[in-house]
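S.K.: What follows is the residue order along each chain.
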Amino acid sequence: MSLDLYRELCDSLAAGQPRVLATVADTRGSTPRKAGAQMMLRPDGTFFGTIGGGCGEAEVWQEAMETMADGRPRTVLVDLTEPVDGDDKICGGVMRVFVERIG
Amino acid sequence: MGLVAGAKMLVHGDGRTVGSLGSADADEAMRDVAVAAFTATPRVMTATWRLDGRVATDRPSQAAEGSVEVMVQLFEAPARLVIVGAGHVGLALAKIAELLGYETTVVDDRPEFANRERFPMALQVIADEVGPALDSLTLDASTAVVLVSRGHRVDEEALRHAVGRGAGYVGMIGSRRRTRTVLDHLAAEGFPAAALEAVSTPVGLDIGAETPEEIAVSILAEITMLRRGGTGTRMSQGRPDGERLT
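These protein sequences, in sequence, are chains A and B.
The first sequence runs -6 to 96 under my numbering.
The second sequence runs 3 to 248 under my numbering.
It should be emphasised that the hints constitute simulated quantities derived from the structure, not laboratory data.
It is possible that part of the hints are untrue.
Per label pair, the in silico range of CB-to-CB distance [claimed, not checked]: (1) 16(B) to -3(A): 25 to 31 Å; (2) 62(A) to 15(B): 33 to 39 Å; (3) 85(A) to 56(B): 29 to 35 Å; (4) 210(B) to 11(A): 47 to 53 Å; (5) 35(A) to 213(B): 36 to 42 Å; (6) 232(B) to 62(A): 36 to 42 Å; (7) 41(A) to 236(B): 29 to 35 Å; (8) 15(B) to 74(A): 35 to 41 Å; (9) 4(A) to 155(B): 45 to 51 Å.
Cβ atoms here follow ideal geometry from the backbone N, Cα and C, with glycine treated the same way.
Using the sequences provided together with the hints, build the complete structure.
M.R.: The following block contains the structure:
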């Protein structure tokens, strides 16, 4: 829970600027962050906060950019159990991340 | 039904609501779940609101036809840290507390220590006698008070104005003998035993801290442990036998 994140969200809402908010809804097994962790994406692709970093966060970032474009909220399943070639998803858990455009 | 993904409702602790999930029935059911979340853990959960009006807060059944998953998230006031003593340990505490996201107040009766130049990261710096300074602050469950002043007499005076006022944590630095003496003084003055027993003193987790910075880590580790419900044991302890290297 970050006050700075909510301050920016309020400021951008007031200024008519969109933001995308990604919130870890629930987790199973071992994950870097737990439910409630949030990341906020700006239209230029920069972001504030972290939902755990690494490839999982990169996946969510991709979905967040699409949400920024189409405005449709979605739930992203981040699977950290399957090591992909050259990848390092060694946490071993699964998390669901709710992604929504605000403003 | 009129429920759409992303709909939000804000619930106050007393049950007042702002906004709607899109259905009066869902609002009412989820309001009760949300009010309960103020005092329960985990502080974030997923609840499933079913068509029959029942709410399940156990493992979410992957949204069956006609059911709605609602995430309940508690928005807490930022944790506050009141540091009494602007010396070496006080400064290290303020620095680490900034990293951890605390709103920090520093109190010391010496303006040459308690000032903005020394504590740019603090929300508030009060250069005043510790008693009146503490009396001017609201100490609630999300506030931790740490007494690390220049001497046990000042710590003792600060403790008189910190104990039993509702702070989530009160810690006081000092040796076991010294801190015992301070507690005995206050007990003799009529401060309730339960409130005195709750004071974390000697302060911190036993990590073998020696420098002011290490002591600050030890203190903030203890506060974090209590806030988050940790145990203070090493994560590597208690590994299942199967994971042991032979």
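S.K.: Honestly, which of those hints from before does the structure not fit?
M.R.: Checked against the structure, no hint fails, so every one of them is satisfied.
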